[in-house]
Amino acid sequence: MAETVLKVSGVSKRFGGFTALSDVNLEIARGERFGLIGPNGSGKTTLINCVSGILRNDSGSILFEGEEVSRLAAYRRTRKGIARSFQVPRPFHAMTVLENLLVPTAYVLHLKDAEGEAQAMEILRGMGLADKARAHARELSQVELRKLELARAMAARPRLLISDEAMAGLSGSEVDEVLRILFDLNEKGITIIMIEHIMQAVMRFSQRVVCLDAGKIICEGTPGEIVKNPEVQRAYLGA
Amino acid sequence: MKFWIGAGVAVLAAGAAAAFVPYEYFFFAGYTVLMFMALATAWNILGGYAGYVNFGTPAFFGLGAYTAAVVYKAAAAPLLVQMLIAALMSGLLGLVAGLLTLRLRGIFFAIATIALTVIMQTVFIAWRYAGGATGLQLLRPPPLAPFDSYIKMLFVLMALLVVVSVALARYIERSWIGRGLRAIRDSEEAAEASGVPTLRLKVIACSVSGALMGAVGAPMPMYLSYIEPESTFNLNYAIGALASPMIGGTAHWAGPVIGAFLLSTLQQVITVTISSEMNVLVVGVLLVVFVVAAPEGILGLLKRWLRPSSK
Numbered sequence: 001m002a003e004t005v006l007k008v009s010g011v012s013k014r015f016g017g018f019t020a021l022s023d024v025n026l027e028i029a030r031g032e033r034f035g036l037i038g039p040n041g042s043g044k045t046t047l048i049n050c051v052s053g054i055l056r057n058d059s060g061s062i063l064f065e066g067e068e069v070s071r072l073a074a075y076r077r078t079r080k081g082i083a084r085s086f087q088v089p090r091p092f093h094a095m096t097v098l099e100n101l102l103v104p105t106a107y108v109l110h111l112k113d114a115e116g117e118a119q120a121m122e123i124l125r126g127m128g129l130a131d132k133a134r135a136h137a138r139e140l141s142q143v144e145l146r147k148l149e150l151a152r153a154m155a156a157r158p159r160l161l162i163s164d165e166a167m168a169g170l171s172g173s174e175v176d177e178v179l180r181i182l183f184d185l186n187e188k189g190i191t192i193i194m195i196e197h198i199m200q201a202v203m204r205f206s207q208r209v210v211c212l213d214a215g216k217i218i219c220e221g222t223p224g225e226i227v228k229n230p231e232v233q234r235a236y237l238g239a
Numbered sequence: 240m241k242f243w244i245g246a247g248v249a250v251l252a253a254g255a256a257a258a259f260v261p262y263e264y265f266f267f268a269g270y271t272v273l274m275f276m277a278l279a280t281a282w283n284i285l286g287g288y289a290g291y292v293n294f295g296t297p298a299f300f301g302l303g304a305y306t307a308a309v310v311y312k313a314a315a316a317p318l319l320v321q322m323l324i325a326a327l328m329s330g331l332l333g334l335v336a337g338l339l340t341l342r343l344r345g346i347f348f349a350i351a352t353i354a355l356t357v358i359m360q361t362v363f364i365a366w367r368y369a370g371g372a373t374g375l376q377l378l379r380p381p382p383l384a385p386f387d388s389y390i391k392m393l394f395v396l397m398a399l400l401v402v403v404s405v406a407l408a409r410y411i412e413r414s415w416i417g418r419g420l421r422a423i424r425d426s427e428e429a430a431e432a433s434g435v436p437t438l439r440l441k442v443i444a445c446s447v448s449g450a451l452m453g454a455v456g457a458p459m460p461m462y463l464s465y466i467e468p469e470s471t472f473n474l475n476y477a478i479g480a481l482a483s484p485m486i487g488g489t490a491h492w493a494g495p496v497i498g499a500f501l502l503s504t505l506q507q508v509i510t511v512t513i514s515s516e517m518n519v520l521v522v523g524v525l526l527v528v529f530v531v532a533a534p535e536g537i538l539g540l541l542k543r544w545l546r547p548s549s550k
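Order-wise, the sequence lines are chains A and B. Quick note on numbering: our numbering labels position 103 of the first sequence as 103, and the sequence is numbered without any gaps. Quick note on numbering: our numbering labels position 115 of the second sequence as 354, and the sequence is numbered without any gaps.
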């Protein structure tokens, strides 16, 4: 097995009396396409919030490239190479698409605007957003907003990209478009964690899938194994 | 370059006014207008760029005013020294209050800043040396060389302070700090995820904003020859500092300047011609109208008017 990029061990998170995550263990290899599934409220977003630093886990450790990151502020984790997109797109409304990408190029890569713009334009071209570079984020369509989320995450030049439901609510052809983008990024060597409700998309994309239910990992395997797993069927369909 | 020429012209105009306008009242009223221009500019650094609505303007302004008065009483320090120490104290207040309160979001931060004003007022009511609740009478020294009256000198000083505030706000707006603050305003989580150290930037903005407010407050005891807690920590400073950028536009440094100029001038005119109660009502009505009908302020209206095609 290749080098481990992300190692999550024994991670738990409680909100008051509610246990959102209990003793979660994961190991993700460099260059892997990893799928994270589970019914609503199963803790998928909580888990990646703990990994990206929006939330702090109560116990357990999170190692990124061998280094403990679970006590670092979110922005420090981004600077170390973990980037994410948000489930509900959170563009910087008052900025143009291009300026949105200049935030990470300035704050993560410490580039001057001229160099930052060159890099940002290259990313936008790769995502088919180049013609919208000067448009304001509020003028974008749903699918364009999802692409902007991914583009902004990529502008930080991460080694691990977490895509939080980048395809929810998109049409079939739009899902294909976003999938193609993620495959392209993976080919360039970026490790990708995909959280997704659209089963067909996760199953096509992932080499390995983990299913969360009520804050616990209930099974792990190839997409083929996961769909046949009785526990997964129970979690999704109810017993 | 154009900016600095404009700034130079503005200061020269203030100087020329001091030399040629004979009415003392012009400077008395003009000082207030300039003061609100500087206050609004300072407020906008945190409130406009970062979107953190600060009701604590009187706390920073009042601490500056009291610092100046106490320094003057204790050591007869010259006005510029008073201003520098006042800026330092209020900047420090911004740093400490920022570290404590800027983890709070939205309405909770706004409430904390109101509490800050109440705390500062209580402190100075209790402090005997600073005059306590009854206040402190101060004797003005004679004005410095080229000026024939103290008010004229303060007027030109305040014009300079407006230029300094605007230059600082403009620098922040255009630097990497400004981009980070705008990102925070739109989405704090996304800003963090894009590598922006949100807490640090907010604390920087709060300290700079507070320091400027303190400097703006410093000449106040000399302007009135008097200082007392009730009027020094008055909520009207908070409302004026907040309403002007809302009316002018918060996205650009010119917004608070235009907003404060129009609003304060209008208030001065109404105070003289109608009544001083009426001017508070006008601020309220204008604020509501702009928040509802033109949330991007006068600058937003101008932009839409100049580019009718885009939505």
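Among the hints, a few may not be true.
[Stated by the list, open to error] Take a look, some chain A residues computed to stay more than 10 Å from chain B by CB distance:
1) Ser52
2) Thr78
3) Gly172
4) Leu182
[Said to hold, decoys possible] Quick partial rundown of chain A residues pointing at chain B, CB under 7 Å, derived from the structure:
5) Gly81
6) Leu179
7) Arg180
Don't read these hints as lab results, they were simulated from the structure. Positions of the beta carbon are idealized from the N, C-alpha and C atoms, including for glycine.
Status of the hints after comparison with the structure:
no., hint, in the structure
1, Ser52, "violated, 6 Å"
2, Thr78, "violated, 4 Å"
3, Gly172, "holds, 28 Å"
4, Leu182, "holds, 18 Å"
5, Gly81, "violated, 11 Å"
6, Leu179, "violated, 22 Å"
7, Arg180, "violated, 23 Å"
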